[in-house]
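Q: Spelled out from the first residue to the last, the chains are:
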Amino acid sequence: MSPGLALVRRRLAHAPLVLALVITGCFVLLEAAPGDAVDAYVASLGGDAGFLHELRARWGLDKTPWTRFLLYLAGLATGDLGISLTFNRPVRALLLERLPITLLLAFSAMAVALLVGGILGFLAGSRPGSLRDRLASACVLALNATPSFWLGIVLVLLFAVRLRWLPSAGIETIGADYRGLARLCDLARHMVLPVLTLGLVYAALYARVLRAGMVEAWRSDFVRAARAKGIPRRRLLFAHVARNALVPLVTVVGVHGASMVGGSVVVESLFAVPGLGRLAFEAVIYRDPALLVGVVLVCALLVIILNLAVDLLYGWLDPRIELADSPS
Amino acid sequence: MTLRRRELLACSLLSALAPAGIARAEPPRRGGVLVVAADTEPRNLNPALVASNGVFFVASKVIEPLAEMAYGQGGLEPRLALAWEGSPDGLSVTFRLRSDVRFHDGTPFSSADVAFCALELWKKHQNLGRAFFKDLEAVDTPDPSTAILRFSAPTPVQLVANALPALTAVVPRHLFAGTDVLTNPHNQKLIGTGPFRFVEHRPGQFYRLERNPDYWGAPLPWLDGIVYRVLPDRGAIAAALEAGEIDLAAFSAVPLADLKRLAAVPGIAVIDKGYEGITYQLTVEINHRRKELSDVRVRRAIAHAIDREFVVRAIFLGWAKPATGPVPRFDTTFFTDEVPSYPFDRKRAEALLDEAGYPRQADGVRFRVDLLPAPWFEQTRQMGEYLREALKAIGIEARLVIKDPAGHQKAVYTDHAFDLAIGSPVYRNDPAISTTILYESGLPPGVPFSNQYGYANPEMDAVIRAAARALDPAERAALYRRFQKLAMEDLPLIPVCEFTFLTVARTRVRNVATNPRWAVSNWADCWLES
Amino acid sequence: MTTALLRLLREPTAVLGLLLLALLSLLAIAGPLVWPRDPDAPSQALLLAPFVDPAHPLGTDRLGRDLLARLLAGARTSLAVAFTATTAALLFGTALGLLAGFAGGFVDEVSMRLAEAFQIVPGFLIALALVSVIGPGFETLVLAIAAASWPAPARLIRAEVMRLKRADFVLAAITAGLTRTQVAVKEVLPNALPPVVPLAALTAAAAILIEAALAFLGLGDPNRASWGAMIAEGRAVLVSAPWLALLPGALLVLTVLAVNLVGEGFAEATAARRVAL
Numbered sequence: 007m008s009p010g011l012a013l014v015r016r017r018l019a020h021a022p023l024v025l026a027l028v029i030t031g032c033f034v035l036l037e038a039a040p041g042d043a044v045d046a047y048v049a050s051l052g053g054d055a056g057f058l059h060e061l062r063a064r065w066g067l068d069k070t071p072w073t074r075f076l077l078y079l080a081g082l083a084t085g086d087l088g089i090s091l092t093f094n095r096p097v098r099a100l101l102l103e104r105l106p107i108t109l110l111l112a113f114s115a116m117a118v119a120l121l122v123g124g125i126l127g128f129l130a131g132s133r134p135g136s137l138r139d140r141l142a143s144a145c146v147l148a149l150n151a152t153p154s155f156w157l158g159i160v161l162v163l164l165f166a167v168r169l170r171w172l173p174s175a176g177i178e179t180i181g182a183d184y185r186g187l188a189r190l191c192d193l194a195r196h197m198v199l200p201v202l203t204l205g206l207v208y209a210a211l212y213a214r215v216l217r218a219g220m221v222e223a224w225r226s227d228f229v230r231a232a233r234a235k236g237i238p239r240r241r242l243l244f245a246h247v248a249r250n251a252l253v254p255l256v257t258v259v260g261v262h263g264a265s266m267v268g269g270s271v272v273v274e275s276l277f278a279v280p281g282l283g284r285l286a287f288e289a290v291i292y293r294d295p296a297l298l299v300g301v302v303l304v305c306a307l308l309v310i311i312l313n314l315a316v317d318l319l320y321g322w323l324d325p326r327i328e329l330a331d332s333p334s
Numbered sequence: 452m453t454l455r456r457r458e459l460l461a462c463s464l465l466s467a468l469a470p471a472g473i474a475r476a477e478p479p480r481r482g483g484v485l486v487v488a489a490d491t492e493p494r495n496l497n498p499a500l501v502a503s504n505g506v507f508f509v510a511s512k513v514i515e516p517l518a519e520m521a522y523g524q525g526g527l528e529p530r531l532a533l534a535w536e537g538s539p540d541g542l543s544v545t546f547r548l549r550s551d552v553r554f555h556d557g558t559p560f561s562s563a564d565v566a567f568c569a570l571e572l573w574k575k576h577q578n579l580g581r582a583f584f585k586d587l588e589a590v591d592t593p594d595p596s597t598a599i600l601r602f603s604a605p606t607p608v609q610l611v612a613n614a615l616p617a618l619t620a621v622v623p624r625h626l627f628a629g630t631d632v633l634t635n636p637h638n639q640k641l642i643g644t645g646p647f648r649f650v651e652h653r654p655g656q657f658y659r660l661e662r663n664p665d666y667w668g669a670p671l672p673w674l675d676g677i678v679y680r681v682l683p684d685r686g687a688i689a690a691a692l693e694a695g696e697i698d699l700a701a702f703s704a705v706p707l708a709d710l711k712r713l714a715a716v717p718g719i720a721v722i723d724k725g726y727e728g729i730t731y732q733l734t735v736e737i738n739h740r741r742k743e744l745s746d747v748r749v750r751r752a753i754a755h756a757i758d759r760e761f762v763v764r765a766i767f768l769g770w771a772k773p774a775t776g777p778v779p780r781f782d783t784t785f786f787t788d789e790v791p792s793y794p795f796d797r798k799r800a801e802a803l804l805d806e807a808g809y810p811r812q813a814d815g816v817r818f819r820v821d822l823l824p825a826p827w828f829e830q831t832r833q834m835g836e837y838l839r840e841a842l843k844a845i846g847i848e849a850r851l852v853i854k855d856p857a858g859h860q861k862a863v864y865t866d867h868a869f870d871l872a873i874g875s876p877v878y879r880n881d882p883a884i885s886t887t888i889l890y891e892s893g894l895p896p897g898v899p900f901s902n903q904y905g906y907a908n909p910e911m912d913a914v915i916r917a918a919a920r921a922l923d924p925a926e927r928a929a930l931y932r933r934f935q936k937l938a939m940e941d942l943p944l945i946p947v948c949e950f951t952f953l954t955v956a957r958t959r960v961r962n963v964a965t966n967p968r969w970a971v972s973n974w975a976d977c978w979l980e981s
Numbered sequence: 025m026t027t028a029l030l031r032l033l034r035e036p037t038a039v040l041g042l043l044l045l046a047l048l049s050l051l052a053i054a055g056p057l058v059w060p061r062d063p064d065a066p067s068q069a070l071l072l073a074p075f076v077d078p079a080h081p082l083g084t085d086r087l088g089r090d091l092l093a094r095l096l097a098g099a100r101t102s103l104a105v106a107f108t109a110t111t112a113a114l115l116f117g118t119a120l121g122l123l124a125g126f127a128g129g130f131v132d133e134v135s136m137r138l139a140e141a142f143q144i145v146p147g148f149l150i151a152l153a154l155v156s157v158i159g160p161g162f163e164t165l166v167l168a169i170a171a172a173s174w175p176a177p178a179r180l181i182r183a184e185v186m187r188l189k190r191a192d193f194v195l196a197a198i199t200a201g202l203t204r205t206q207v208a209v210k211e212v213l214p215n216a217l218p219p220v221v222p223l224a225a226l227t228a229a230a231a232i233l234i235e236a237a238l239a240f241l242g243l244g245d246p247n248r249a250s251w252g253a254m255i256a257e258g259r260a261v262l263v264s265a266p267w268l269a270l271l272p273g274a275l276l277v278l279t280v281l282a283v284n285l286v287g288e289g290f291a292e293a294t295a296a297r298r299v300a301l
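Chains as they are written, first to last, in this note's numbering: chain A, 7 to 334; chain B, 452 to 981; chain C, 25 to 301.
Extracted from the complex, chain A is given alone in its bound form (with noise of 0.2 Å):
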């Protein structure tokens, strides 16, 4: 068996255990938590006594922390991801609903911030100290320490209510009912803004990775070696110190993933994007543990095959790399 295959099995052997504690935890954190789903309901509308205890009734609060985790284990053991009472509808259906954008935003998002982030990560790294090298470095320590949701506000104030050259929030235009290839440059549109808030972020974090191993490997001892036998800069730059410093920014990239896949609820709010990380924060302020098991599983699930297919790259990057052996 190759060694990448081991780790996927020994990775695939973990989730079950990381996913009873993360569906427990959850559970634990919306019991802990003061006031019920239906106390977050009436909050919006008030109602007597008898209205409270039928809903408690209805939702099945009325029953005890113990008997309602277990109810949802059972349901969750057949495939049944149970009823999301805020939204009223199962949690699969919603679900299925946001996955698409989310995984849109967040996959759009990892290639912009790879894209730019690469790009300035390597100017810096392939000559460390040179004027470039501090340009890009300055830019990106700036972007760095650059909060989402400021960015965010100042790109929607300069490239929507400024100049209007995007729409300031949501992902299509409501009721034009665009068809194929006109609907996606409308989705593609609304995407801009939210996709450049979330990816510039990351941009930054990338590219102070991929400058950082460049610069490590440019200081190895084999790089040094080779470039005392005389071989060129530019053949070492391509094919040892840029492709040894893309190990570290693949883990991070995995790393990572969790808080770009779970959508940043920043962004999502801002840009009024339905997508999962919301979806998260709305069912812990409406006590709603269904929906936050959900959402968290999907995410998980979403985080597991993200890492292991970072996992396989690493051997495919660096086959000195013992995936067996590497430190869960």
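Rather than coming from a laboratory, the hints here were simulated on the basis of the structure.
Wrong hints could be hidden among the right ones.
Said to hold, decoys possible - Coverage of chain A stretches by chain C, computed from C-beta distances (three or more under 8 Å per stretch; other residues unrestricted):
| id | segment |
| --- | --- |
| 1 | 17-24 |
| 2 | 33-46 |
| 3 | 152-164 |
| 4 | 303-309 |
All figures in this text were calculated on a predicted structure; none of them were measured in a lab.
Ideal Cβ placement from N, Cα and C applies to all residues, glycine included.
The hints should help you fit chains B and C onto chain A, whose structure is shown.
A: What follows is chains B and C alone, placed relative to chain A:
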């Protein structure tokens, strides 16, 4: 300074109002889709089951009540009911209904629908109706256009009439009868009699309504449709409005601080009318279980420590009025300002606290309290920050404790784990609907927006009970004036100011704010300039 | 250790970062002495522009509160939360990593799966959930941010321990008769720590940004001025009174930048050392 500023505000308001608020001679134009901002997506959108402004904002265009509020004498305008009359003994109210109305699915509307809704939805399940219709025994339907509500105890027709706009939305009986009404799919896919038909809701994105060509009020409505764009972020609403992506933001969805600037933007108007029927108050809620706060002198001291003019100017930027009592000025039937008042006077406040036996200690602090501002409005939170400082000035140290809605509801209205709270009760056209409940004793814990303050005064309870049964309008009004006086003498909670929301709209939106509940009314006469 | 510090001081980025941080910390600590105005006290002068009234050099906000005093108080909040949360995350992460690495077996398995469980959920979401459920406050913020950031140091320390466990000097110490705890604390821990320092800088930078984002969403400590909350308030008047959002925003960027510079400098210094070896 204060005056000049307010004059300035008034001027800018007037100029902003002119294009949208005051009807010009120009005839209305048919067509166009109105795009408005929505910040919530209620889980149950059926106004017959859930009476709340969040639901009405969308649903009132599709499902209509028996009557709607109107400016001017009488205060009510017929919708599904043409007229109503109470019996002399107060035990029944007879409604004459429209006979030319059809639901959006083609079935005719009749008294049977009203009877079903009254008994099975409003009385049994509706958040406000459960208490309000508790004495409703039966609904007689002698013919399709007559419905007689029968009560087991005398119920003033004035009260019933005042409750019509908010509590009496009618949905078709044939879709709900024999089903579990609370899980009925038509709580989402609305079917009503209104000027607009429900088309679709895409969660997280929008609601879409289209013109009902068979509306009983033809040629209304003027609009081809309404789209509610879900924008959870308030800043995003302002940006979308300024970018021309939405036409209208109701319920002060745009931050107040930005309104003065927005009002000056060509093509945008700020309208401060159309919410008088749902006037909110900013109040300081007090836990009487806390020894210091159970002393009326301490409560009065707190009232004296609040600079209402400042609150109106700083927190509401002028768009509010200092409150005199639990009933807002707009309700001329019941309002009185002949009540004790507590002008801003720190010396007086400190004297009262000394007198109550709470002198400043060595550290300058008399006692400490936890202050819980309700999380739902920007203004309740800002009032929390202001009150903390106002109290500090008279030697009471307040610690702000912010909770999310569920946490706040639980802490204040169930666990009574607070000393002071900032609340925002809404006045719904009659003190008996959602206002006296803030003063009445003996309510079980857990009931939101009710007297969970531990305040109990037999005299107050007696007045509230008598007013709820008084059939003579003059007698009711007198009782409610007595209620306001008592409320301000005892000061179980402190009304700080009354505020209504604002609408920000593009000037091409016409017939905005045509009634005192405009944002939650049917918008049949609203139209768009081309 | 002193040589490491000296090397750090030879890195221009680190020096710049340290200077900036020192300046900001000075402002935060000594600010109230130099500008002794109550940052929360309202005044009648609402929304005053900067450089108009010497009583309010940087102007006032909607409730007439002095902006300079609030910015200084915001620096205090930001740095205090970030410092405490980072320390808490590092302490907890290090302790757990050490324990997992040494104990191995079941303890290791459970702690590492716990770390994975926390990493699989977006960090900001963890913080957000904790704060909205417990209710905002200083302690909650610290707890929430620490909960979002402890797994990285835990896993890093554990990996170092696994590596060092087999090192000669550790084996020598064990043969010399030191107890497991003594070996862990005296021999392994000091050698496992160096890579944690750049991580600490990253964590601190993230902590500052998380605090600001939470405050921006209205989940900051309501009894302390916070830059994030000031930006959220200022955002409503971004066009008519831009300084209200721009000034706290600029300070926020500057602070995170300073922390990042220090981290960057330290990474350079350690990298240089490794080459020198």
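Q: Now tell me if each hint is right for this structure.
A: Going down the list of hints, with the structure as the test:
Counting residues of the segment 17-24 of chain A whose beta carbon lies closer than 8 Å to any beta carbon of chain C gives 3, which reaches the threshold of three, so the coverage claim holds. Counting residues of the segment 33-46 of chain A whose CB lies closer than 8 Å to any CB of chain C gives 5, which reaches the minimum of 3, so the coverage claim holds. Counting residues of the segment 152-164 of chain A whose beta-carbon sits less than 8 Å from any beta-carbon of chain C gives 7, enough to reach three: the coverage restraint holds. Proximity of the segment 303-309 of chain A to chain C, defined as three or more residues with a beta carbon under 8 Å from a beta carbon of that chain, is established by the 3 residues found.
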